[in-house]
Amino acid sequence: MNIFAAVFIFLFNNSLLFWINLNHFPVVLQIVFFSQYMGFVAFFTQYIAEKFLNPVKSSAVIGLIFGIFLQLNIHPQILQFNVFTVAFGATFVGMCSAKFLSGWAVFVAGCLYGLSALFTLQSISFIGGAMGTLACLCCLVVINILKIARWKKVI
Amino acid sequence: MQKKIQNYFKNKIGLSLIFLTQLVFCVFVIWQKPQFWYFALILIFSWLFLQPNIHNQQKWWIVLIFSFLGLYFTLILKNYFNPILAVCLGTLMLQFLPKIPNYAKGIFYAGAFATMGDFVFLNDFSTLIIPFVCATFAWFTQNLHNGIGGKLGTIGFFGATVHFVIEFIIF
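Quick note, the sequences are listed as chains A and B, same order.
Counting with numbering that gives the first Met the number 0, you get residues 0 to 154 for the letters of the first sequence.
Counting with numbering that gives the first Met the number 0, you get residues 0 to 170 for the letters of the second sequence.
Errors might be hidden in some of the hints.
As the list claims (entries may be wrong) - Quick partial rundown of chain A residues pointing at chain B, CB under 10 Å, derived from the structure:
no.	residue
1	N20
2	K50
3	M94
4	S101
5	G102
6	M130
Since the hints were derived computationally from the structure, they do not count as laboratory data.
Positions of the beta carbon are idealized from the N, C-alpha and C atoms, including for glycine.
Could you put together the complete structure from these sequences and hints?
Okay, here's the thing in structure tokens:
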């Protein structure tokens, strides 16, 4: 994935998030926006982890930015979800090593995480670590799908 | 030879624990919202190909100390900040301390995740149970899922779930 294009789209996403009330948009659009936002967060976490910091530092730095926004009472909502809270979970997907998932695959895993978070997190978030478990499941699913695809190509 | 056998059993127990955690996660989701029964299919896809990789030698007591520190510091910071800021601040502060092994820094993060739920409090027996469970889980799974995102969260989730079961279901 081209990093400049990713940065541009991510900045555009954030400007939409801050300046427009997305709750008035059709539900399908909100779901798509939510999923791809999580995908980009996961992608940037992995990019920073691979280029500059280790995965834990990278996730913590991005989480710190979200935490500061939340502390300042800035919490954009999509489908009754606090976007920054769920996005902190997407940083766990980005902690995946490039050995297992490339940039595009992490983006897909992040999107899958965002999609499944919409359905699951409301019922499970009262237990700590739920976002991490969901992130782990999403990473494993994408890794296995890629493995099956490669295995079929070999055959 | 003895170490190989020991690692074999450690990996088997670790795999079962990870599977149990993910199963519990799915059970919780389906229990709360039965209409999402198809979410359980994710378990099948996540368990097709798995093999243990590097054989690390983590020390259980170091893991225990750092998971306890993660839990305790985050609970203190949670009094002043929101949970996400508390978790990230504590973890980042530890990252810049020298002479601490990398796995201990990771386990600090796992201990911090366990506090993100609604019912983990300071001065409660959760500060005793959760680090113990997290450390044991992390020690058994030290050869598994290395480099896969969300492993630390899974460790934290297992600790928090065991605490939830003990405090709210048994007592």
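Going down the list of hints, with the structure as the test:
This hint is violated: A:N20 has a C-beta 22 Å from the nearest C-beta of chain B, more than the 10 Å allowed. With 10 Å as the threshold, the beta carbon of A:K50 stays out of range of chain B, its nearest partner Cβ sitting at about 16 Å, so the hint is violated. Of the supplied interface hints, the one on A:M94 holds, with its beta-carbon coming within about 4 Å of a beta-carbon of chain B, less than 10 Å. Proximity of A:S101 to chain B is violated relative to the hint, the smallest CB-CB distance being about 13 Å (cut-off 10 Å).
Here the hint on A:G102 is broken, as its CB sits about 14 Å from the closest CB of chain B, past 10 Å. Of the supplied interface hints, the one on A:M130 holds, with its beta-carbon coming within about 6 Å of a beta-carbon of chain B, less than 10 Å.
Hint compliance for this structure: hints 1, 2, 4 and 5 are broken, all remaining hints hold.
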